[in-house]
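Number of protein chains: 2
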Amino acid sequence: LKTINTNQPLKKSEFKPLAQALRVNLLQWQFRTSQKDRPVIIVIAGDDRSGRHDTIHTLLEWLDPRFIRVNAYGPSEQQDNNKPFFWRFWRDMPAAGNIGLYMREWTSSSINQYLNEEISEAKLGRRVDYIKRFEKALSDDGALIIKLWLHLSEEAHALRVESVKDTPFFDEKDELAYKNYNHAVSTIERVLEQTNAPHAPWHVINSDDPMQRDIIVGQIIEKQLSHWVEASKPIVPSTPPPSLVNTNILNSIDLNQAISKDDYETKLDQYREELRQLMSQAHLEKRAVVCVFEGVDAAGKGGAIRRLVSALDVGHYRIVPVAKPTEEEYRHHYLWRFWRNMPANGLLTIFDRSWYGRVLVERVEKFAGDHEWQRAYQEINDFEDQMVQHGIIVVKFWLHIDQDEQLQRFKAREKTPHKQHKITEEDYRNRDKWHEYREAIHDMISQTDTKRAPWTLISAQDKKFARIAVFKTLIDRLNSTLSDR
Amino acid sequence: LKTINTNQPLKKSEFKPLAQALRVNLLQWQFRTSQKDRPVIIVIAGDDRSGRHDTIHTLLEWLDPRFIRVNAYGPSEQQDNNKPFFWRFWRDMPAAGNIGLYMREWTSSSINQYLNEEISEAKLGRRVDYIKRFEKALSDDGALIIKLWLHLSEEAHALRVESVKDTPFFDEKDELAYKNYNHAVSTIERVLEQTNAPHAPWHVINSDDPMQRDIIVGQIIEKQLSHWVEASKPIVPSTPPPSLVNTNILNSIDLNQAISKDDYETKLDQYREELRQLMSQAHLEKRAVVCVFEGVDAAGKGGAIRRLVSALDVGHYRIVPVAKPTEEEYRHHYLWRFWRNMPANGLLTIFDRSWYGRVLVERVEKFAGDHEWQRAYQEINDFEDQMVQHGIIVVKFWLHIDQDEQLQRFKAREKTPHKQHKITEEDYRNRDKWHEYREAIHDMISQTDTKRAPWTLISAQDKKFARIAVFKTLIDRLNSTLSDR
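Chain order of the listed sequences is Y and S. The first sequence runs contiguously to residue 485 in our numbering. The second sequence runs contiguously to residue 485 in our numbering.
Worth flagging that the hints you see were computed from the coordinates, not collected in a lab. Bear in mind that the values here come from a model prediction, so they are computed numbers and not experimental data. A couple of the hints might just be wrong.
Claimed, not checked - Cβ-to-Cβ under 7 Å is the rule here; a few derived chain Y residues that face chain S:
1) 28
2) 306
3) 349
4) 352
Note that CB positions come from ideal geometry on N, CA and C, so glycine has one too.
This is chain Y alone, in the form it adopts within the complex (with noise of 0.2 Å):
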C-alpha cells in the first residue's frame, strides 16, 4: 500500500503547533458545514485498530463532538441478518449539515469478513459493487465523501500486536490481517482499487507514528472540507432515458378487463384464504415483502390496499403511506426514508406510493432537476436489487384507469361526504399534465421493469377486478418464491 506520507516521524514540539493551527481551521470549516445543504461522511478504515480509535478521539478534540456522530460497527451489527448489508448505514446517515464518522463501515466490514472468511469472493465482488453504487448515489446528491485508511507497517504491526496481544483490546477477529499480513495486504489493495473513485478517493496514510498521521488526517479533511464548502453543488451529468418508443408501455393495459359481483367474492374468499396462508408461511420462513402501490390518482389505491391487509395477520405488516417528505427527511437522500421503512426479515411492508415519486411527481412537477431523476431509475434498480439479494420479495403495482373513469371518480368523491377531502383542486391541476405523466410512466416501466423487481400493470378500470388481480399476483409471486412450492 502506497501512503501519502514519510516515514519521518514527527517531534512533539513540532505537532503542538500545527495541531493548534489545525483546531481554528477545522472548526471553522465545520461551522461552515452545519450550514450545507448536504452532509459529510467520514470513513476511518484501516488495518490499524488502535490508531482508528485514537484518530477519531484526535478529530473529536479537534472538532465540535457534539455535532459529529461516530457510527461504529461491531461484529454484532454486521452479523445483524435481519436487514440487508446497507440498511445500517443508511439508517445512521448525518442529515444535511452534519458530520458522521464511520468505523467499521462498509469497506472495511466486507474486507475483515472476507479474511476472515465469513463471505466468499463473489460476495466480496458483489459488494464492492454496491460500495461503488452507494458512494456514487450520496456523492451525486451533495454530500463529501471522505475516505481514509490507515496503514501499519509490516513491521509496526508486529509492534502493535505484540503490545496489545495479553490485554483485554485483543480481538483476533476485529483485528484485520494478523494472521497473513501479505495476503491481508494484497486484499486491501485490490479492493481499495476498486473503490477508489474521483468522488471518493481513498486515502491510504503511514500509521506508524501516531502524531504524523494524526496531522496528516486533520489536513486532509481540512482541505476536502474547504473545497467542498466553497464549491457550489455540483450538477452531475447523466444519461437520459431512451427516447420513447413509438407505442406507449400503457396502452398495453386492456381497460374492458371486468369481473361480475358473484365471481369477485367467491375469489376473494379463495384468495384471502390462500394469502394468509402463504403469508404465514412467509413469516415461519423469515423472508420478508415488500408491496409498491403506485396509479393514477383516483386508480383505487386505498381500496385495493384495504382487501390486501384484511387477508393479514395485522401484526405483521405495515402501510407506509408516502406524502411529501418533512424537514428531517428533506435533509437526506431522497431514498433514506425508504430505506428506514423497510421490513425486517418475516414482515410485511406495503408502501401507498413509494420511491417511484422520484420518476413521476418530481419530474413532472420539476421539484428534482433532469440529472436528479434521470439517474434515479439507476439508483432506484440498485436498491431493489439490494432487497432481493438480501431475500425481501419486491412486488410492484401499477394501477391504471382512463382519464374519463378519473373523472367521473372526482366527480362522484365530491358528492360523497366521507370522500370530498380526497379531492382537491391540486388533483385536477395533475388532470391537466395527463400527457406528461404519461410518459413519465412509460419511461419508469422501461426502465425499471427487472426481472427480479417486475412491474405488474392492472387495469383499475373495474375495481372489483383491479382487487383480485392484485391478490392473484401477489400470490403467484409467493407461491413461486416461497421455499417448498
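Dock chain S against the given chain Y, drawing on the hints supplied.
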C-alpha cells in the same frame, strides 16, 4: 367484569346498516382528527385474543388504514430488556393527527406477564403506577386515549379455547386466563379498576357475539373521536411549585473554587484512566449511563463534554445536542425525543441540554404554558425514575458561572474567530432575563433533585475546576453503583 353491552346477539341483517352508517361517520372523524395537533391512542385489549384481531381488522376496514398504525407487541418485544419497559410504546407513539392502534400494550402485557408468573405482585403494582402516570402525561398533553377491553364470558371462553386448541393459532403463553378463569378475571378486574381514570377510562365490552362487539367498539370510538375533535384543548390545572424560599439554591455554589494548571493535568490524566476502566466495566455489566449537562450559557458545557468523551471508547457513547424541536418532534409529547435517544444497556448517552428545557427556556420564554411547565416536574421525575428502575445510572450536572464571568466570555468569544458563531444577539437577550432564569433554575433543582437522580451543582467560574468536578462526580457515581465495588 361488567360489560356495557347486552348478551342479545345481533343479526346479520341488523349489522349491515349499522356498520355502513358507522363507517361513513368514522371516516369523517378520522379526517377531522388528521387536522388536530395531537394524536389518538386506541388500545384494543382483552381476554379474547382472536376477538382483538378481528376487531382491529374491522376497524381497519371501516377507517382508512393508511393513516393508522397498528402496534402489536409480541412476547419477544415484551421481554426485550435492553431498554425500559415503556420505551417501545413511546417509540411508536403516533404523531399529531395520527391514530395509533395498540395491541398487547402496557396494561394487557403487564397483566399477561403477571398471570404467567413472569413478574411479581410488587412489580405489577409498580407497573400500574407507571401506567397511570404515562396515560396522564399523554392526556394532559392533549392526546385522546380510548381503551377497550374485549371480554368473554366463561362459557364463550371455554368454547373459544376449544375451537383453536389444535390449530397453529393456539398459544398457551399468549392467551390470558387459560388456566384459571376466575383468578384471571379477578386480576383483570383489579388492574382495570386501578388504571381507570377520567382521562383514560376503560370500556369493557362483551365479546361473545362478534358482530355486536364490533358495532359497540365502533360506536365508542365514534363518540370519543367526535367529542375530542370538537372540544378545544383542555387546560389541565396543575399545582405551581411552592413559592421560593428566601435563599436561591444557586447561592450555595461557591464560585471561588479553582484548581492549578499542574494539579488539573495530573488529575485529568488520573481520572481519565479511572473513568475508562469504570465505563468498560459498566459496558461489561450492561449498565447504561445517562449524563445530563445543563448550565448557564457559556458555562463551558461543550468543553467539559469534550474532555469527558476523550476517556471513552468511541463506540460506547453518543452525544445528543438538544436544540429547538424539529417538525417531527414538535408533533409529539415533549418527552418523546428523549425517550427515543435512550441508551441501550451498556452504553452512555450524553445530553447537551435536555428535557429540562421544558422548565427553563420554555418556561421563561413562555413557549410552554404555566400548566405545562408546572406539571413537567412530576413528569420528569417519573421519566428519570423509570430509567433508574431499569438500571440506568442518571447523572445530572448544572454548570454555573456569574453574570460578570458570562459577559467576559461572550466578549472573548466575539474576538476568537472560530468561536464567533457561538455568540448571537439572542445570548445577550437571554442575559436580560438572568433573574427569571435564576428563579426557574432554583425551582427546577428543588423539584427534581431526587435521591435516585440527584443534581450536582458545579462552579464553572474556573473551567478546569469544573471539568475535574464532572469527572469526579461521574467516577464516584459509577464506583458506588457498579456491582463489585
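Should the hint that residue 306 of chain Y touches chain S count as held when the rule is a Cβ pair under 7 Å?
holds, 6 Å
Holds or violated: the hint that residue 349 of chain Y contacts chain S, with Cβ atoms closer than 7 Å.
At 12 Å from the nearest chain S Cβ, residue 349 of chain Y fails the 7 Å test, so the hint is violated.
Restraint satisfaction for residue 28 of chain Y [CB to CB of chain S, less than 7 Å]:
holds, 5 Å
Chain S contact restraint for residue 352 of chain Y - C-beta distance below 7 Å
holds, 5 Å
Hint violations for this structure: number 3 only, all remaining hints satisfied.
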